[in-house]
Amino acid sequence: MSATAVDVKNVTHRYEAFTALADVSLTVPTGSYTVFLGPSGSGKTTLLSVIGGFLVPQAGSVLINGADMTAVPPAKRPTTTVFQDYALFPHMTIGANVAFGLRMRGIGSKERMRRAHEMLELVGLKGSEAKRPHELSGGQRQRVALARALAVEPSVLLLDEPLGALDLKLRRQMQAELKAIQREVGTSFVHVTHDQEEAMAIGDTIVVMSHGRIEDMGTPERVYLKPATLFAAGFMGQSSFLKGKVRWRTGGRLDIETPVGRLPLPLNGSGADTGDDVVLSIRPEHFVVGAVEGAALSLGSATVEDMTFAGAHHLAVMRHETVDSFRPMVQMPQTGETTPGTTVALGVLPEDVVILKDDS
Amino acid sequence: MTMRGTSWRTAASALYAVLVYGFIFLPVVVLVLFSFQDGRFPIPPFEGFSLRWYEAVLADSRLMEALANSIVVAVGSSLVAVLLGFLAAYGLARFALPAKGVQRALLTAPLTVSYLIIGMGLLITFNFIGFPKSLLAAGIGHVVINLPLCFAIIYSQMGDHQANIEKAARDLGASEWQVITLVTAPMLWPALFAAFFLSMTFSWDEFIISFLLTRFDVTLPVEIWSLLRSGLNPKTNAVGSLVFGISAVLVVVLELVVLRKGRRA
Amino acid sequence: MNTAIKRLKLTGAVALSSLLAGVAAMPAANATEELNALVWCDHTDPALIEPFEKKFDVKVNLKEYEGTGSALAIVEQSQPGDWDVFVIDGVDVPRAIDADLLAPLPADELPLDDIFPELRLESSLMRDGKLYAVSEKFGYNTVSFNKTKVDAADMKDMTVLWSDAYKGRIAVYDYYLPVIGMVAVGLGKKTSELTADDLPEIKETLFKIKDNAKLVGEVVSSQTAIATGEVDILVGGGEWVTAGLSADKPELDWILPDQGGVRWSQSIGVFKDSKRKELATEFVKYIVSPEGQARLATSSCYWAMPANAKAGAELTDQQKAALRWDDQEAYLKNAQMYPAPDAELDAAMQDLWTEFLQH
Amino acid sequence: MAARGQRFDLGPWGFVAPALLWTAAFFVAPFVVMAVVSLWERIGTDLVASWSFANYLKFFERGHFLEAMLNSLEVTVIVTVTSILLAYPFAWIIAEKVPPRLQRMALVLAILPFWTSYVVRSYSWLLVLANNGIINETLLSIGLIAEPLDLANSRTATVIGFVHFFVMLLTLTIYANLVQLSPNYRKAAADLGAGPLSTFWFVVLPLTLPGIMVGAFLTFVLCIGDYITPQVLGGNNELLMPQVIMLQIGRRADFPTASALAILLMIVVTIAYLGFARWIRLERA
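Line by line, the protein sequences give chains A, B, C and D. If you want the numbering used here, it's the 1-based position in the first sequence plus 598. If you want the numbering used here, it's the 1-based position in the second sequence plus 14. If you want the numbering used here, it's the 1-based position in the third sequence plus 2. If you want the numbering used here, it's the 1-based position in the fourth sequence plus 61.
Keep in mind the hints are simulated off the structure, nothing from the lab. Errors might be hidden in some of the hints.
[What the hints assert, rightly or not] Derived lysine to aspartate or glutamate pairs resembling EDC-like cross-links, with alpha carbons at most 20 Å apart:
(1) C:169 to D:122
(2) C:61 to B:74
(3) C:251 to C:319
(4) D:119 to C:346
[Claimed, not checked] What follows is a set of in silico ranges between Cβ atoms, one per label pair, in the way DEER data are often shown:
(5) A:799 to D:85: 54 to 62 Å
(6) D:267 to C:165: 52 to 60 Å
(7) D:85 to C:165: 32 to 40 Å
(8) C:330 to D:118: 44 to 52 Å
(9) A:910 to D:246: 54 to 62 Å
(10) D:123 to C:318: 47 to 55 Å
Yeah, the Cβ is synthetic: ideal placement off N, Cα and C, and Gly gets one too.
Same shape as in the complex, but just chain A (with noise of 0.2 Å):
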């Protein structure tokens, strides 16, 4: 098996006016789960609809386990979808359901039954085959979408937003349900969400699309921690962005003007010049807050307008006392007595601020 699930090389497509692809590439390495991310309109359904076969790009190609798929109908693919409806079929059992794909492959009917049983078990659904779609709960029906489309034993399975019409509390569980059965499987996963926190619990690769291009593409951590564009910084988690330009750039280090002063900073990955107008991507947790010592830059100092209590932590928005238009985020302790009104220090370590390129 080659070590390439997927490989998208330029592909291109377009609804009349509207671009939902623009000249995307991208490899799923095997046996690996990968989430598709990015806001409706991003692509990142369409992209999924390519590598499943329900749609034909107008330009580029698609290998599956090195071969090209680009014309081939889903049946004919070694992949299967998971549905954000689940699709599943309303006049047939869960046993039924879930056996379809084996029947369509000329599976005998011990073998298939035999096959859904086992699916069933792998997804926690035991002694349900006799049951329709409808004496499921939403859940459940998740589960039976997800060992329908592993029954065939696909070599990649693809998951549209599959746990988008759960409930919060459910969707955390069957976060982790996946990835552990993706980890029993081995199957090549790749998952289609709108939401950033899922991505980031489940994916070993997140893949942050925008207007039909990819924007970021990594590990959850590098993507959270060094994202590579700005809307990837503000799509991944919270942020705070300060306008900045580079003075000037020696060996490892930048020296950045910005309306809070100047910042004299690591490259942090960046790839930022002399000259360039930067944007400075701040998370909450990063700010210093109080005693800015050590090796924290100053930011000055900012008034807190609100506080939000987000259980572990406070999250304080701020409103910096010379600059308007920097409105840092800032977490702040569980307990404390910081009140809306008060007037405390920002500062941030060189090593947390991501430098990023002023695309606006």
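We have chain A already, so just place chains B, C and D on it with the hints.
Okay, now just chains B, C and D, sitting in the frame of chain A:
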């Protein structure tokens, strides 16, 4: 709203409902009652209970033949109408075809035309091409009037969710034919059944097209019409009551068994 | 759930297949040959047809019509050879001969001498020495009435119908020829000499009758109306309305007014394009035989006098009384034939009739 | 998202073609034939291809044709309006006052007489409305009237026969509309201070209007083209269009005139359709 106001309104509603039910059932009750009339005239006074008119109906070979013809036409034309309507609905709902609006309008257009005009058009046309008046001709006419209905009912049930389910089947390896026979048709069973049942009802009761397009192998409504024109007697009541009784039992059984189940699903 | 559905499917399948099996078995009369006859409704009585079907092992398909126009319309909407036997009003036989619809009959095989002399109608039924149809049944379009509600003496004068003496208590039989004929007789015209010039006066009179009429109806509606007391007088009625009802409604009677009445007569012939002329001829022979005649005279749709005088032997006294067998001599004298308009006059009369209905 | 048809091009026309061809062959073609024949004339017993509008002119020249059309329109409008006025409250009572588990039964009961044969139903009304029918007998025996009412064989009888049929049909369609209505609309209206009457007038009625209009149009089409009811119940005291058309076919085989009349009738229905069109999406109804 006071309690007294509420109960007054409820009483008025109940009275209204009873009156309308009375209006709806009046001709049926009279029909059935006088089918047991022990005399020649199906009008008051009721002269006594007798089953002789039912015997007369069952002994009337022309009526029985017409009954059989009606069943053949109703079942046959409804099957064709459902099949054509299903295929068209599937084609229009699932494929990119040019001028879909025009196609849909064409398929539903017969709904806006009187049966008399449809029947007459067919009569003149068949006459020109030398196609004989027959049960088959009437059946063709019945498909024309029922096809739009079947199409509309089935088409309305082919939404995006259903499309996704078909997509899932294809994804799992089903061929186009398998998708239709194993997934689409069974999934739409309630709609197909409703279309078939409605189509049967209309065909069963249709008069003017059958009247214009049949010769000897007439349908039951046409034979009843002849019966009516050939003399006044409670036989007409008896055959009407029989038809009503059988259909009513059928409808109630369907309601209790099929639709109840469908609703739970 | 699953088993319920299976059971349902099974029941459905069983019901449907038994239904279809029943249907297949239905046309039980799997007779070898079929005979297609275009008839008035009195010929559809199984008591009349079944003996013939049994004797010749044949299935007689009957299509009933009312009015020669309808019959010719039906023939026009058919293919040549579709029809074998034609029952048609005596006065309209020349039209059918003109249209080349009828085949000559073997006169020597038919009991022509037993037919009432007034019904032999050689001028209509024969042409160039060939017989094209034979009379089978006759009666009168006059006035039927309920003698408990209407003074029988009033009914002797037809003009009472267009005075308003019985306003709202009159029904009119919906067939233009006899009623136009009746009115013509009432106005002192001869039905055989009607022209377009007579129509305005007839129209005026008809409109007066319409003003008095509760309804204009076909056989059953007019019968229903007089039997149920909806109306007390039926214009265009006669023994064909009352005789069959005589057992249940003895109060219904009919009369030939002093001005006279219209006599109708049906005749029967064989279509020229028939592919079963021999069998069709056998059918004609059966219908004009005394037995056939007696059954036809008392058939379920309407009763009327048989054309064959020998049928009397086959009828009961009660039946003969209802048919006024013994009064026929006098009645025949005082009755005129249906009008027999040419196509143009016929169209004018039909337009007149439509206007009458709409009046 | 996915492009339908770009992938599975197994000849989608194969699905649509049978129904389209059927409709073209047995609906459109006969209509064209009828339109052609309407320009011919029947002279004597012959059909003459005279290519004239004589048959259409006849309609406007001859009082009784025009009158039939007016009668038909009058009867149809009376029937449609009466049926809606009777059926709406009835459907409302079933939807609102009848306990939910009994509603379906109430509805089935309300439309059960559908399944008596249509011809027999008209005939049955004739017996009900006759001078010594059940209505007159009852009214006479309780002394409400001294003379039997003239009900049968009249326009009244025709209208009653029609209304009977269409009340059932409209109850069904209006009920379906009423129950589809989310109860939250009414709750919201009540919450915002509307009384039952204004809730009905400003919220329920406008929301159910499209459904009523579809039903009204169906009633219009079925009523204006029906032959049996006026023929059985009207007593030929006036003629409606279908009766006049049938007279042309049945008594004289005058297909040209019948075709012209049929086309005129269709034009009237089409005008009515345009009037109703803003509410009607037949194929999604």
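With the threshold set at 20 Å, check whether the alpha-carbon distance from residue 169 (chain C) to residue 122 (chain D) stays at or below it.
31 Å, violated
With 54 to 62 Å as the target window, see if residue 910 (chain A) and residue 246 (chain D) comply at their CB atoms.
Roughly 42 Å apart at Cβ, these two residues miss the hinted range, so it is violated.
Taken at face value, is the distance from the CA of residue 319 (chain C) to the CA of residue 251 (chain C) at most 20 Å?
18 Å, holds
Hint consistency between residue 119 (chain D) and residue 346 (chain C) [alpha-carbon to alpha-carbon, up to 20 Å]
17 Å, holds
Could you tell me whether the CB distance from residue 123 (chain D) to residue 318 (chain C) stays inside 47 to 55 Å?
Holds, since residue 123 (chain D) and residue 318 (chain C) (Cβ atoms, about 51 Å apart) stay within the stated range.
Below or equal to 20 Å on CA atoms is what counts here, so check residue 61 (chain C) against residue 74 (chain B).
15 Å, holds
C-beta pair residue 85 (chain D), residue 165 (chain C): status relative to the range 32 to 40 Å that was hinted:
Given a distance of about 59 Å, which is not inside 32 to 40 Å, the answer is violated.
Taking the CB of residue 267 (chain D) and the CB of residue 165 (chain C), does the distance hold inside 52 to 60 Å?
The hinted range 52 to 60 Å holds for residue 267 (chain D) and residue 165 (chain C), with Cβ atoms some 58 Å apart.
Is 54 to 62 Å right for how far apart the beta carbons of residue 799 (chain A) and residue 85 (chain D) are?
At roughly 58 Å between Cβ atoms, residue 85 (chain D) and residue 799 (chain A) fall inside 54 to 62 Å, so the hint holds.
Assuming the hint says 44 to 52 Å, is it satisfied by the Cβ distance from residue 330 (chain C) to residue 118 (chain D) or not?
Since the Cβ atoms of residue 330 (chain C) and residue 118 (chain D) sit about 50 Å apart, the hinted range of 44 to 52 Å holds.
In summary, the structure is inconsistent with hints 1, 7 and 9 from the numbered list given earlier, while agreeing with the others.
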